[in-house]
Structure formats: structure tokens, C-alpha cells
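Taken in order, these protein sequences are the chains called A and B.
So the first sequence is numbered by our numbering: it starts at 24 and just counts up by one.
So the second sequence is numbered by our numbering: it starts at 24 and just counts up by one.
Think of the hints as simulated: they come from the structure by calculation, not from any bench.
Note that this is a predicted model, so its numbers are computed, not measured.
Misleading hints may appear alongside valid ones.
Which copy? The list can't say, so a pair holds if one copy fits it or any two copies do.
To be verified - Calculated cross-link-like contacts (lysine-lysine; reagent style DSBU-like; alpha-carbon spacing at most 30 Å):
| no. | residue 1 | residue 2 |
| --- | --- | --- |
| 1 | 49 | 96 |
| 2 | 96 | 306 |
| 3 | 96 | 367 |
| 4 | 334 | 96 |
| 5 | 138 | 306 |
| 6 | 367 | 334 |
| 7 | 49 | 334 |
| 8 | 96 | 303 |
| 9 | 49 | 138 |
2 protein chains.
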Amino acid sequence: MTTTDAPLGDLTGRRAQAIEDYRTLKAQGRVLDLTRGKPAPEQLDLAQDLLSLPAGRWTAADGTDCRNYGGLKGLPELREIFAPVFQVPAERLLAAGNSSLELMHDCVVHALLSKVPGAVRRWADETRVAFLCPVPGYDRHFALSERFGIDLVPVPMSDEGPDLEVVERLVADDPTIKGIWCVPKYSNPSGVSYSDQVVERLAAMPTAAPDFRILWDNAYAAHHLTDEEVEILDLLGACEAHGHADRALVFGSTSKITFAGAGVGFFGASQANVDWLLAKSGKRSIGPDKVNQLRHAQFLRDTDGVRTHMKAHRALLQPKFELVLDVLEQELGGTGLARWTTPKGGYFISLELVHGGASEVVRLASEAGTALTPAGATHPYGDDPHDATIRIAPSFPSLTDLRHAVTGLATCVRLVGYERQLSR
Amino acid sequence: MTTTDAPLGDLTGRRAQAIEDYRTLKAQGRVLDLTRGKPAPEQLDLAQDLLSLPAGRWTAADGTDCRNYGGLKGLPELREIFAPVFQVPAERLLAAGNSSLELMHDCVVHALLSKVPGAVRRWADETRVAFLCPVPGYDRHFALSERFGIDLVPVPMSDEGPDLEVVERLVADDPTIKGIWCVPKYSNPSGVSYSDQVVERLAAMPTAAPDFRILWDNAYAAHHLTDEEVEILDLLGACEAHGHADRALVFGSTSKITFAGAGVGFFGASQANVDWLLAKSGKRSIGPDKVNQLRHAQFLRDTDGVRTHMKAHRALLQPKFELVLDVLEQELGGTGLARWTTPKGGYFISLELVHGGASEVVRLASEAGTALTPAGATHPYGDDPHDATIRIAPSFPSLTDLRHAVTGLATCVRLVGYERQLSR
């Protein structure tokens with residue numbers, strides 16, 4: 024996190040300049056969207072070959088006709104390709120539908136309606152079910168949980184992952200805490216990657232709930248932005264080593280590798296968890312879209328193919344992230360108004376306002392034409408206690424649009440920040 | 024249902040012949056599979072163009088980039104194509120994932136975990152939830168319901184659909200009866216299409232449960248086998264007309280139109296039900312695979328394109344159904360041992376054994392190499408009270424294999440039937 028210095032000089036003058044800049048911004052009347060982590064069209068173009076694959080082929084390596092029913096576990100050759108990416112042995116990695124979010128949702132649903140391995144009762148019959156949520160975090164995790172009445176308990180994040188002192192204390196004491204949401208690599212939105220020690224402790228810690236689960240959303244497993252390609256510890260292996268094999272549920276997808284929404288979701292876990300999910304999902308489906316899986320296997324070819332492909336993404340994304348960081352430094356550096364992250368991968372930059380007022384900044388930016396993720400979205404129940412966090416999603420806009428949007432955002436931060444400093 | 028005459032002549036001799044025929048069958052040692060309603064490879068070849076579509080295109084008619092996130096309702100142009108097929112206005116027809124079974128499953132899940140429109144409480148909080156199951160019926164409907172502890176109540180089928188006297192009495196008295204599973208056209212496995220009067224009465228009948236639902240699995244909506252293309256009454260319209268707009272949940276898919284498992288599932292209902300499902304599924308998914316939907320829209324072009332395509336399926340399927348009916352007539356006609364259906368569409372022929380013994384027939388056929396759907400699978404809990412129904416799925420095998428398998432099946436029917444007649 025880059026920290027800016029304390030402000031110097033004439034606050035009133037700075038505020039006047041911010042007001043003037045905001046007026047100009049509004050007059051320009053440009054409409055832009057920084058709300059979601061969507062790939063840009065140029066990124067999607069990288070997988071353009073998928074649009075005419077699998078061409079003349081329809082049989083899998085094992086002779087399966089991918090055009091017909093069956094194959095609940097997904098195409099073996101695609102599971103082989105992604106096993107190293109998600110750190111799950113191929114035989115326990117399932118290739119499923121078009122999203123990992125739906126796999127997370129369905130795991131929660133099945134846990135509510137049938138006992139997970141190790142559970143005393145199904146979660147629907149518990150008096151309370153709570154999940155820990157490292158904050159800032161991913162709003163769709165929160166929404167999915169809230170929808171089922173699962174209580175969300177925020178846990179602070181450090182530069183190495185969730186604060187394990189807090190996590191260990193909570194899970195040791197409270198059997199109603201059944202899970203923790205984690206985006207372990209290039210976390211949404213902080214960009215933090217969990218240290219080996221954090222992963223070890225998550226795997227090792229005693230939990231009051233016998234059916235505690237780590238929901239490991241490894242959404243950015245291969246999504247590097249620098250030459251330092253961060254590797255995290257293998258959670259599944261660590262959980263096994265610590266005698267908690269059933270604790271880890273690993274999720275991933277190709278949504279930000281190939282096509283967003285037309286890719287493939289993956290699930291990996293212990294054999295008991297995999298058998299449990301297969302037994303449940305076997306009542307729901309005769310099998311996933313194997314043609315799309317074959318298409319992906321043909322296109323990506325092997326694990327190295329995934330790496331090569333992700334380098335092409337990086338080439339498109341890195342300049343956008345650098346631009347945002349440059350603009351933030353230029354516009355807010357030394358103002359003492361904000362801190363921001365410098366992620367080594369993933370899809371987001373997290374901007375933290377020293378004096379709060381994130382909701383007001385988002386509102387002002389919106390009135391000037393730039394849509395941002397709602398303030399508070401990074402916290403359970405939309406409740407950011409300091410009203411401080413703004414998530415910036417640089418991937419979708421062009422460089423020109425991005426410069427305009429982030430400059431405008433910085434203007435709003437200055438406007439609100441100086442106002443707040445003056446009114447203290 | 025073709026009824027055979029009572030048997031004449033020497034039973035002992037007939038049995039001896041059956042024993043001899045069975046011995047020959049076993050000696051041939053051919054392994055065949057008549058278990059599931061799977062399309063044959065030649066049928067899948069009809070949609071071969073899908074394997075290289077959408078080629079250079081990725082934008083929907085409204086300009087949406089199908090390669091990116093969003094569009095929870097599905098691609099408008101595909102919903103337009105299938106609106107007449109499933110008798111649902113396009114604006115209330117959702118195009119979803121790769122199966123309709125999963126949509127049925129998810130509707131049940133969401134009804135268990137959140138109130139459906141009109142419900143007093145969510146189904147998980149009811150002391151009992153029961154579904155009516157016209158029998159013979161579809162085993163995956165039963166399995167999906169059983170998995171959630173939903174009680175299954177069998178209801179007899181007539182040539183016009185479920186026995187409405189029974190249905191009306193049960194639903195009028197018992198508020199725990201929350202639904203009925205229906206395959207209204209070319210039903211699985213009886214081939215029955217519901218008469219207009221049956222559909223009207225289903226739509227009109229008073230129900231003790233305010234949140235009663237008809238789960239209308241229109242799986243064979245376009246799957247004709249004769250020139251008489253059966254049309255059923257529009258359930259959704261009928262329910263609206265009778266003031267029960269929220270009663271109907273309509274499901275369908277292209278599984279047996281394009282590719283089985285790589286097609287598109289559809290859901291149609293009242294606006295309240297559609298809004299309810301969208302609100303729930305919006306927590307599960309950012310949207311379906313729009314590229315596959317675009318591929319389908321390009322390939323099928325329009326509703327007439329679907330009709331034309333289904334004629335090509337019929338050309339491949341009709342000879343198989345005719346072959347089965349010929350063999351049954353030749354081998355069992357006049358024996359008094361069995362009755363069978365002569366479906367005008369769909370995927371199955373239902374064979375009913377006059378003297379029971381379906382399990383034994385299936386076992387003998389299996390020992391001779393021909394796998395059949397387990398006896399009882401057509402009934403909830405696998406409980407066919409007369410052990411009489413055998414489902415024949417003629418679509419997948421070649422004509423040669425089919426002749427062998429059905430001749431063998433008939434041999435087993437004769438063997439068991441004469442045995443039973445003699446031991447009475």
C-alpha cells in the first residue's frame with residue numbers, strides 16, 4: 024500500500040482548485056464505467072479461436088462423444104491442464120459449468136440441505152451459520168451468503184492475508200462459524216496474496232465446528248501483472264497434512280482466462296468432498312457442457328498453454344494498472360488524502376480514503392459520469408465502518424477512458440478530502 | 024396401448040421354445056444398452072455445424088458482446104426462437120445453462136430456501152412437502168425430489184394424462200402437496216400427450232396449498248415421430264385465465280434438438296415467478312453461456328428452423344420406433360403376455376407385462392447382454408406395484424443392434440410370462 028504524505032500548505036486553495044476541477048470534469052460529460060472486473064474486448068480477442076472450435080472434432084481423448092450426455096466430473100484432459108493451476112490433483116478436480124460462483128453457491132446449498140462430510144447436522148438445521156469474511160472482500164461472496172441467511176463476520180486483512188490471530192480465536196470458540204471466504208492470490212480487491220504461513224495456519228487451526236470449510240476462490244490463480252509470478256501454498260495439501268483434509272473447497276474458472284461467462288468452472292477438494300458434491304450434483308445434472316470443455320482443451324493445449332495465454336493478458340492489463348497508479352500518484356501523491364494498493368496480479372486496485380467519505384466520492388464521480396462499484400461493496404452488508412474503501416477495476420476501459428475516469432475519481436477524492444479536513 | 028390377445032395352445036411348449044431362444048440369445052453374447060434416452064451419433068451429426076460456430080461473430084442482435092459477463096435472462100434472439108416451441112412469451116422465457124433438469128432442481132432448491140410467490144413459508148420450514156407423480160414417469164424427477172426429502176405420491180396415468188379425479192381430490196384436501204411433475208407431451212415413458220381438458224383442469228383446479236406448482240417438463244415439445252404433430256394446450260395461458268398465473272413452471276431444452284449436454288435449457292413462467300427465479304439465480308451466476316446461445320441462434324435461425332431440424336431427427340428415429348413395434352408385434356403379438364405403447368413422439372416405448380415379473384425380465388436381459396432401465400425406475404421409490412413396466416429407449420442403438428436387443432427382450436418376456444402362467 025502506497026502511503027501519501029501529510030498535506031502541506033493552503034487547504035482552502037486546494038479545495039478551490041478541486042471544486043474548479045470537478046466543474047470541468049462535469050462539463051466534459053463523459054460517461055464511463057469502472058464498476059466491475061470485466062475483461063476488455065482486446066482480452067477476449069485473445070481467445071477468438073474458441074469461436075470456431077472444436078471444429079471437426081467431438082471425441083475426447085478417451086473416446087467419449089462430447090456431444091452426448093454424461094461425464095459428470097468433466098473432461099479428463101481439461102482437468103489435467105488445470106490441475107497444476109489450481110493445485111488440485113486432476114482426479115479430484117471437477118470441470119463443471121460456466122462459472123465458479125455457481126459452484127460456490129451450490130456447495131453452500133448442498134451443505135444447507137444435506138450434511139457435508141464431518142457435519143453433525145445439515146446447516147439448514149443449525150440455529151446459526153456464520154462465515155468469516157476477510158475485508159475488504161468480494162461482494163458476490165457476501166451476496167450469495169446473505170441470501171441464505173448466513174451471518175457474515177468481517178475479519179481484517181493484513182499484507183499477508185486475513186488476520187490469523189482474529190480468525191483462530193473466532194473459529195476455536197464458536198461452532199456456528201462454518202466457513203471463511205478467501206481469495207488467496209491477488210485478492211479482490213486488495214491484491215494481497217496469502218503468505219505460506221497464513222495458508223499453513225488456516226490449514227492447521229483447530230475449529231469448534233467439525234464441518235468448518237475454507238471456501239478458496241482462487242479466481243486469479245494465473246493472473247499475474249509482473250515478472251514476480253506469485254505462488255501460494257497448496258491449501259489442499261496443507262489441510263491433508265494437518266489432518267483436516269475435508270476443510271478445503273477450491274474453486275477456479277477460466278472466466279478471466281478465455282471468455283467471461285462462456286468459460287469453464289472448476290471445483291477441487293478431498294475425495295470425500297468430491298464424492299459428496301458429485302452425489303448431490305448428480306441429481307441436478309447429467310453432466311456439464313463437454314463440447315465447451317473440449318474446445319478449451321484444444322485451444323489451451325496444456326498447462327504451459329495457459330501460462331503463455333496469460334502473458335498475453337498481462338501485456339494488455341499491465342499498462343492499464345500502471346496508468347491508474349501513475350494518475351493516482353500524480354493527482355493524490357503527497358496530499359495525505361489516500362492510500363492505494365500496487366497489486367502484482369488480479370483485477371483491482373483498492374483505494375483507501377484517509378478521511379473517509381467514500382460514498383460521497385462515488386456519488387460525485389457518478390454525477391460526473393463515472394460509475395464506480397458502490398462504496399461499502401467490499402464489506403459484508405455494505406458496511407465499511409470507515410467509509411474508506413473504493414475498488415478500482417481498470418481492466419475494461421481503454422487507456423484514454425481510464426485516464427479520464429481515474430483523474431476524475433482523484434478530483435472527487437480531493438474535493439471530499441479537503442472539504443473534510445476543513446470542516447474538522 | 025396395443026393389447027395382445029389371450030394365449031392359446033400349449034403353454035409348456037411355448038415355455039420350452041422360450042428357454043431354447045434364451046439359451047441362443049445368451050450364446051450370442053452381444054452387449055447392448057437400451058437404458059437411457061440418448062440421441063444416436065447420427066442425430067448429433069445433424070447439428071455438426073455448431074462445432075464451428077459462431078465462427079467470426081460474437082455480438083448479439085442488441086450489440087451485447089457474448090464473450091463477456093452478464094445477461095442473466097439469456098440471449099433475446101434465442102428466447103424469441105423458442106418462445107413458440109415452449110408456449111411462453113419470449114420476455115418471460117429465460118435461456119439458461121446446458122440442461123433443463125438443473126433448472127427444475129434449482130426451482131425446488133430456491134422454493135425450499137426462500138418463499139415462492141404465494142407461499143406462506145419456505146418449503147424447508149414446512150412439516151411435509153409432497154409432489155404428485157403421474158406414473159409411469161421420469162426417474163430423474165423422482166431422484167431430484169427424493170434427495171430433498173420431498174414425498175412422492177404416485178397418480179395413475181390415462182391415455183389423456185394424469186387421472187384428474189385423483190389429482191383434484193388430493194390437491195384440494197392436502198396443503199402439503201406442493202407440486203406435480205408433468206411431461207405433458209409424448210410423456211416419458213408412456214408417450215401420452217395431455218388432452219386439452221386435462222391441461223384446463225390442471226390450470227383450474229382449486230388447491231389447498233396457495234403455493235402449488237405444476238412442474239411442466241416439456242422435454243419433447245418438438246419431438247414428433249408421425250405426421251400428426253401433437254399440440255398441447257398452453258398451460259401458462261390456461262393458468263392465467265383461471266386466475267392461477269403463478270402455478271405453472273415451464274421447462275424445456277435443446278438437449279434432444281442439438282447436443283445432449285451441450286445445448287441450452289429454458290425456463291418460462293409468470294412474471295412473478297420469473298422475477299423470483301432471477302433474484303435467486305442472480306446470486307448464483309453473472310449470466311449463462313451466451314456464446315453457446317449465440318451459436319444455437321445462428322444454427323437454428325428461427326422457429327421454423329427448429330421444425331425443419333426436428334424433421335431430420337424424425338427421419339432417423341421413426342424407423343427405430345417402427346422396428347421395435349414390429350419386433351414386439353412379431354414376438355409378443357397374440358401371446359397375451361404384454362401390452363405396449365405406440366407413441367407419436369418422444370423417446371420411449373413403454374412395455375407392460377400382463378403377469379408382472381419386470382425385474383426378472385430386466386435381470387435375464389442383462390445376463391444375456393442387454394442393459395435395460397431398471398424395473399421400477401418409472402415409479403417413485405422404484406416401487407412399481409405390479410412390477411409390470413419396462414421402458415424401452417430405442418434412439419441410441421443402430422437398427423441391427425436394436426432388432427437384436429428387442430428380440431432378446433421379447434424372449435425374456437416370453438420366458439418369464441409363460442413360467443408365471445404355468446406356476447399359477
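Hints versus structure:
{"no.": "1", "hint": "49 - 96", "in the structure": "neither (53 Å within a copy, 34 Å between copies)"}
{"no.": "2", "hint": "96 - 306", "in the structure": "both (13 Å within a copy, 24 Å between copies)"}
{"no.": "3", "hint": "96 - 367", "in the structure": "neither (33 Å within a copy, 35 Å between copies)"}
{"no.": "4", "hint": "334 - 96", "in the structure": "within (29 Å within a copy, 33 Å between copies)"}
{"no.": "5", "hint": "138 - 306", "in the structure": "both (16 Å within a copy, 22 Å between copies)"}
{"no.": "6", "hint": "367 - 334", "in the structure": "within (13 Å within a copy, 56 Å between copies)"}
{"no.": "7", "hint": "49 - 334", "in the structure": "neither (37 Å within a copy, 60 Å between copies)"}
{"no.": "8", "hint": "96 - 303", "in the structure": "both (12 Å within a copy, 25 Å between copies)"}
{"no.": "9", "hint": "49 - 138", "in the structure": "neither (55 Å within a copy, 45 Å between copies)"}
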